[in-house]
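Given these sequences and hints, build the entire structure.
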Amino acid sequence: MHSPGGDNLWLHRAIYVAQPGDVLVVSVGDAHDFGYWGEIMCCAAQVRGLGGLVIDGCVRDGGVLAEFALPVFARGLCIRGTGKDYGARGWINYPTLFCDLLVRPGDLIVGDADGVVAIPRERAHEVIGAAQQRQVKETAILARLRQGERTLEVYNF
Amino acid sequence: MHSPGGDNLWLHRAIYVAQPGDVLVVSVGDAHDFGYWGEIMCCAAQVRGLGGLVIDGCVRDGGVLAEFALPVFARGLCIRGTGKDYGARGWINYPTLFCDLLVRPGDLIVGDADGVVAIPRERAHEVIGAAQQRQVKETAILARLRQGERTLEVYNF
Amino acid sequence: MHSPGGDNLWLHRAIYVAQPGDVLVVSVGDAHDFGYWGEIMCCAAQVRGLGGLVIDGCVRDGGVLAEFALPVFARGLCIRGTGKDYGARGWINYPTLFCDLLVRPGDLIVGDADGVVAIPRERAHEVIGAAQQRQVKETAILARLRQGERTLEVYNF
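So the sequence lines, in the order shown, correspond to chains A, B and C.
Taking my numbering, the leading residue of the first sequence gets 766, the next gets one more, and so forth.
Taking my numbering, the leading residue of the second sequence gets 766, the next gets one more, and so forth.
Taking my numbering, the leading residue of the third sequence gets 766, the next gets one more, and so forth.
Note that these hints are calculated values from the structure, not bench results.
Any given hint could be a false lead.
Each pair may be met inside one copy or between any two copies, as identical chains are not told apart.
Stated by the list, open to error - SDA-like cross-link-like pairs, simulated, lysine to any residue; straight-line CA separation at most 25 Å: (1) LYS849 with VAL812; (2) LYS849 with ARG813; (3) LYS849 with PHE838; (4) LYS902 with ASP877; (5) LYS902 with LEU866; (6) LYS849 with LEU907; (7) LYS902 with GLU914; (8) LYS849 with GLU891.
No experiment lies behind these values; they were computed from the predicted model shown.
Okay, structure coming up:
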């Protein structure tokens with residue numbers, strides 16, 4: 766989705782358009798330094814059963830957000846408030862340019878301490894399969910390393 | 766207060782000019798990358814009962830500072846030492862330009878995980894009142910959201 | 766050591782050239798945004814008994830790396846994978862320009878929450894002695910401050 770810069774009315778709308786498990790992926794143009802999302806919206810999203818928030822702008826109430834089960838990936842923290850412009854145009858459930866990545870509704874959003882990735886929906890099955898295979902392979906490699914083998918031989922470098 | 770860049774003699778002086786509860790708000794010009802404040806000064810400030818430190822430069826002993834009860838808001842961590850220039854000019858208890866914000870002695874300094882704000886002294890009563898009202902209002906809103914109401918109706922968006 | 770940008774083959778080699786206790790200090794040119802080091806390599810380095818990693822590029826598996834006993838100092842986190850270029854030139858156990866600091870094999874590498882320093886090998890004994898003296902001195906100063914003395918007198922400012 767796209768939220769007009771400095772405005773979070775479309776984010777409120779999106780919370781109720783989204784289905785349980787959905788992750789909101791939000792572009793805000795260049796207007797990063799606003800607190801687009803805080804305790805109230807996090808609570809609303811959690812009640813709705815949303816899966817998380819990924820936003821190319823800042824959020825506020827950082828200490829409180831960390832206590833919610835809902836994962837939030839944001840550019841940073843900013844206390845500056847947003848307005849409510851009823852005439853501003855945003856969009857929900859359309860492709861969104863997030864930094865230099867086009868994210869489309871239905872793409873699989875996966876994040877951890879390293880960051881977030883968007884996996885195109887049509888490749889999700891393939892990527893999950895490859896990831897699971899890699900995890901199995903790496904678990905076996907870790908076991909061999911712990912027994913004293915070297916990565917140079919394990920990988921045949 | 767203002768500390769000459771790369772020097773922390775005025776910070777030592779300020780610790781003993783300040784009264785218990787006072788928060789030191791320190792500009793350092795463009796000389797951010799020095800460790801202006803560390804374990805010794807934090808201990809001294811705590812013994813004096815100061816309320817905290819907000820500095821537009823770096824501090825050192827980051828791991829240790831976090832163990833003190835005294836809150837420290839700084840630009841970052843830097844181990845580079847400061848000098849003691851007995852001829853350098855600083856000032857204490859005069860207005861200070863902190864980034865683009867003029868902070869005056871007696872302004873109310875409030876910070877949390879999101880950052881720090883300076884509230885002009887003459888508006889402190891009004892702002893605290895408004896903040897408390899907002900907190901009461903938001904607590905009620907959070908309760909309504911948890912019972913299934915939507916922000917769209919709660920706020921009449 | 767130097768690792769060719771976007772490649773971590775030399776890092777694998779270095780793990781097995783290094784001796785137990787050695788800290789790998791790695792320059793990567795300007796190619797910071799790769800995940801040069803992750804769970805597999807951290808495990809291999811720990812099995813080898815290495816002392817740590819200091820790299821002027823990014824690493825991946827950030828959440829997992831924090832669980833290892835091996836300290837990792839990196840520029841940041843990046844999930845972007847590295848390649849294996851068998852023709853690329855790196856070097857191990859030669860002086861390396863790390864940012865603007867020349868680090869030589871055998872230099873003493875010491876880090877904590879504030880950052881990392883490299884102490885030239887020929888000055889290590891002198892620096893450790895001075896550091897220990899300072900620690901003794903500061904412990905005594907902290908005790909005096911807690912008893913109410915002021916830094917102004919303690920340091921004779």
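Hints and how they fare:
1. LYS849 with VAL812: Cα proximity of LYS849 and VAL812: one copy only (22 Å, versus 47 Å across).
2. LYS849 with ARG813: within (22 Å within a copy, 46 Å between copies)
3. LYS849 with PHE838: This pair counts as within: shortest intra-copy Cα distance 23 Å, inter-copy 31 Å.
4. LYS902 with ASP877: Within. Shortest intra-copy distance 20 Å satisfies the 25 Å Cα cut-off; inter-copy 34 Å does not.
5. LYS902 with LEU866: neither (29 Å within a copy, 39 Å between copies)
6. LYS849 with LEU907: The answer is between: 20 Å across copies meets 25 Å, while 52 Å in one copy does not.
7. LYS902 with GLU914: Result: close within a single copy only, 15 Å intra versus 47 Å inter.
8. LYS849 with GLU891: between (41 Å within a copy, 24 Å between copies)
In summary, the one numbered hint that this structure violates is 5.
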